[in-house]
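Protein chains in written order, with full-length UniProt numbering: chain A, 1 to 325; chain B, 1 to 325.
Quick caveat, the hints were computed from the structure, so don't treat them as lab data.
Everything numeric in this text was worked out from a predicted model, so none of it was measured.
We put the CB at the ideal spot given by N, CA and C, even for glycine.
Keep in mind that a hint or two might mislead.
Which chain A residues face chain B? A few, computed with CB under 7 Å, are given here [claimed, not checked]:
| # | residue |
| --- | --- |
| 1 | 161 |
| 2 | 165 |
| 3 | 190 |
| 4 | 269 |
| 5 | 271 |
| 6 | 313 |
| 7 | 325 |
Spelled out from the first residue to the last, the chains are:
2 protein chains.
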Amino acid sequence: MTIRLAICGYGNLGRGVEQAALAAPDMEPVVVFTRRDPDTLETLGTPAASVDDMEQWKDRVDVCLCCGGSATDLAEQVPAALRYFPTVDSFDTHAKIPEYFASCDEAAREAGTAALISVGWDPGLFSLTRLLGQAVLPDSLEETFWGKGVSQGHSDALRRIEGVVGAVQYTVPRPEALEAVRSGQATEPAEARAKHTRECYVVAADGADRERIREEIVSMPNYFADYDTTVTFISAEELERDHQGMPHGGSVLRRGHTAGGSAAGIEFSLDLESNPQFTGAVVTACGRALYRLVSGGVTGALTLFDVPLGSLHPGAPEELRAQLL
Amino acid sequence: MTIRLAICGYGNLGRGVEQAALAAPDMEPVVVFTRRDPDTLETLGTPAASVDDMEQWKDRVDVCLCCGGSATDLAEQVPAALRYFPTVDSFDTHAKIPEYFASCDEAAREAGTAALISVGWDPGLFSLTRLLGQAVLPDSLEETFWGKGVSQGHSDALRRIEGVVGAVQYTVPRPEALEAVRSGQATEPAEARAKHTRECYVVAADGADRERIREEIVSMPNYFADYDTTVTFISAEELERDHQGMPHGGSVLRRGHTAGGSAAGIEFSLDLESNPQFTGAVVTACGRALYRLVSGGVTGALTLFDVPLGSLHPGAPEELRAQLL
Numbered sequence: 001m002t003i004r005l006a007i008c009g010y011g012n013l014g015r016g017v018e019q020a021a022l023a024a025p026d027m028e029p030v031v032v033f034t035r036r037d038p039d040t041l042e043t044l045g046t047p048a049a050s051v052d053d054m055e056q057w058k059d060r061v062d063v064c065l066c067c068g069g070s071a072t073d074l075a076e077q078v079p080a081a082l083r084y085f086p087t088v089d090s091f092d093t094h095a096k097i098p099e100y101f102a103s104c105d106e107a108a109r110e111a112g113t114a115a116l117i118s119v120g121w122d123p124g125l126f127s128l129t130r131l132l133g134q135a136v137l138p139d140s141l142e143e144t145f146w147g148k149g150v151s152q153g154h155s156d157a158l159r160r161i162e163g164v165v166g167a168v169q170y171t172v173p174r175p176e177a178l179e180a181v182r183s184g185q186a187t188e189p190a191e192a193r194a195k196h197t198r199e200c201y202v203v204a205a206d207g208a209d210r211e212r213i214r215e216e217i218v219s220m221p222n223y224f225a226d227y228d229t230t231v232t233f234i235s236a237e238e239l240e241r242d243h244q245g246m247p248h249g250g251s252v253l254r255r256g257h258t259a260g261g262s263a264a265g266i267e268f269s270l271d272l273e274s275n276p277q278f279t280g281a282v283v284t285a286c287g288r289a290l291y292r293l294v295s296g297g298v299t300g301a302l303t304l305f306d307v308p309l310g311s312l313h314p315g316a317p318e319e320l321r322a323q324l325l
Numbered sequence: 001m002t003i004r005l006a007i008c009g010y011g012n013l014g015r016g017v018e019q020a021a022l023a024a025p026d027m028e029p030v031v032v033f034t035r036r037d038p039d040t041l042e043t044l045g046t047p048a049a050s051v052d053d054m055e056q057w058k059d060r061v062d063v064c065l066c067c068g069g070s071a072t073d074l075a076e077q078v079p080a081a082l083r084y085f086p087t088v089d090s091f092d093t094h095a096k097i098p099e100y101f102a103s104c105d106e107a108a109r110e111a112g113t114a115a116l117i118s119v120g121w122d123p124g125l126f127s128l129t130r131l132l133g134q135a136v137l138p139d140s141l142e143e144t145f146w147g148k149g150v151s152q153g154h155s156d157a158l159r160r161i162e163g164v165v166g167a168v169q170y171t172v173p174r175p176e177a178l179e180a181v182r183s184g185q186a187t188e189p190a191e192a193r194a195k196h197t198r199e200c201y202v203v204a205a206d207g208a209d210r211e212r213i214r215e216e217i218v219s220m221p222n223y224f225a226d227y228d229t230t231v232t233f234i235s236a237e238e239l240e241r242d243h244q245g246m247p248h249g250g251s252v253l254r255r256g257h258t259a260g261g262s263a264a265g266i267e268f269s270l271d272l273e274s275n276p277q278f279t280g281a282v283v284t285a286c287g288r289a290l291y292r293l294v295s296g297g298v299t300g301a302l303t304l305f306d307v308p309l310g311s312l313h314p315g316a317p318e319e320l321r322a323q324l325l
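Chain A with its partners taken away, still in its complex shape:
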C-alpha cells in the first residue's frame, strides 16, 4: 500500500516536499497542483495539474500537502482542497492560528475529512518541545532562539523599501543570551534586543540614497526597531553568489527546577542548510501520519499536539518499540 500524495503549490517548499516524498519508502507524489500553466512546471517528475482540476483527482489522491504561503495562499487553498482530500499545511502566522484552525476545522468536518495544520519546525517540532517542557518542568524559564537563518518575512520587508532592488535578512542569536539560559543564569525572559541581532544585506538601486535606506531599515517598527540591526550594501552579483541559500534553525531551551527543587534543563536544536527542504520533510512525514489517522476515522482540524508521533514513522509499531524506545 503506497500513500498517494498531491502537492499543492510548487515553490521551494513544494519542491522540498516532492524530494522527501520521492525518497519515502511508502509514499508517492502523484500530482502537483499549480496556479501556473501545468505544462510549464518543471517538477522532479511528478505530473502537474491545474488547481482548478483538483476534483478530478479525488479518487487518486490520499492526502494533499498544501505548500502555499501563509500570508494569503493557505487560507484559500486548504479549505478548497479539503473538499476532496485530507490536507497538511505549514501555516505559520502564529497569531492567526486559532482563527485558521477554526476555518479548517469547519471545512474538514463538512467534507468528512481532516486537516493537519501548522506543521514544520516552528510551528511544529519547536512547539512540541515547548509543550513537553511545560508539561514536565512547570517551574522554568522557556526561551526560543532562531537562526542563524534567513527570515523571509524580514527579507520581504527590506525589499519593499524604495530604492532596494534585492535583499536578504539573517536572524542571528546572541550566544551569550543562549548560554545564560543554558547555564541557569537567566531567570526571566530576555528582551528582543538581547536575544537576537539582525543582519541585512541590501542591493540598492543605482543612485539611491543609502543613508536614507539604512535609516528606514533600522527604525522600521516590529521588524527592526527593537533589534541591533546591521545593514551592509552589496552588489547584485554578491547577492546572487553568496546569499541564495535558505539556512535556518534555532533552539528551544527550558531551564528551571523539578517540583522537588533540582535544577533541570531541556534543549532542542535544529541546524538546517535548507529550511524549505527540512520543512518539506516534516510536512511529508505528517502526510503519512494524517493518512493513518484519517484511515482510523479522525475528522476535523488537528495540530501536531493531537498526533501520536509513532504515526509519522514508516515503521510498524512493534519495530519502533523494539528499535527506538
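Here the structure of chain A is known, so what remains is to put chain B in place on it, guided by the hints.
Structure of chain B alone, referenced to chain A:
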C-alpha cells in the same frame, strides 16, 4: 475534576512522582502502595497502604503510577495493578521491552484498561527524538550520548565486587565524539570506547586488595571492559559527602541530509540534577495523558509513540494552539 493518582513503590522515583503530582494543578496523589509496613512510610503527606490492599482503592484511584525497578518489580507490580487501575511505568530494560509490552497488553485488555509503559527520558523523551529524527531525516547518523550522570546499573555492578563496601559510577560523554556528530564530521556510529568514559568512585573494605578490585572492575565484560574506565578509591565519608546526588542527562543527535541533499542536524539534550525527580515529572505528566486516553476508550498497552503529546499538558487544546504552536 482532579485526577486521583496512586503511586506504587516509594523509592527515589516514587518520591519524585509525589513531588510532581503535588505541584500539578489538576492531579492529586491519594495513596502510596508499598510492600513495607505502611505505618512506617514517611511520604510528603500522601497516605500509605499495603500493595496487598490495592483492590480497596479501585474506585478511588484514576491512574496508578508504578515506580518499582525494572529488574524484578515492574513485571510483577504492573500486571497486578492493571487488575484495578490504568498504569504508567518507566520500565527501562531496553532489550525486554517487546516482551514486557506483550504481557502488559494482555493484562490491560483482560481488565479493560490501559498501560502506558517505558516512559521517562530514555526510554521516553530520547526515544521520541530518535523517532522524529528517523521520520524526517532518513539519511542520517543517529547517536545517543549519556551523562555526565550516575548509572545505577553500573554502580550496582561495582557494589557486587568482593571487598567493595560502597561505590558510584559516572558515565561521561566524550566532548570530541559529540562534537564530531554535531559538526557532521562523523559519518558512522562510533564504538563504545570512543563515545563515553566511565568514572568509578569506590570505597574498599579495610584490608581489601585494591589492585585486585581495580582489575576486576576494568575487565568486567558488558559493563566496563569496552570502555576507558578510571577507578578512584575514596573514603566512606567522601562517598557520603560528595556522591549522593543522582544527576544525569545526555543528548540525542541526528546529523545528515534532507532528501534534497542539504545538511541538517537535530539535537535534543537534557541536563538533570536529579534523574529520579525528572523521571518522576515525566511519569506524572504521562499519568495525565493516560487518564485522558482511557476516558476516551483506549485499552491495551501503549508507549509514548502512541500518545498525542498535547494530552501530557494540563492546558486545554485551544490554549495550547494559541500559546505554544
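Evaluated hints:
1. 161: Residue 161(A) check fails; min Cβ-Cβ to chain B is 30 Å, beyond 7 Å.
2. 165: With a closest approach of 27 Å, the residue 165(A) hint is violated.
3. 190: violated, 19 Å
4. 269: holds, 5 Å
5. 271: Where the cut-off is 7 Å and the nearest Cβ of chain B is about 4 Å from residue 271(A), the hint holds.
6. 313: holds, 4 Å
7. 325: Holds, because the Cβ-Cβ distance from residue 325(A) to chain B comes to roughly 4 Å (cut-off 7 Å).
In summary, the numbered hints that this structure violates are 1, 2, 3.
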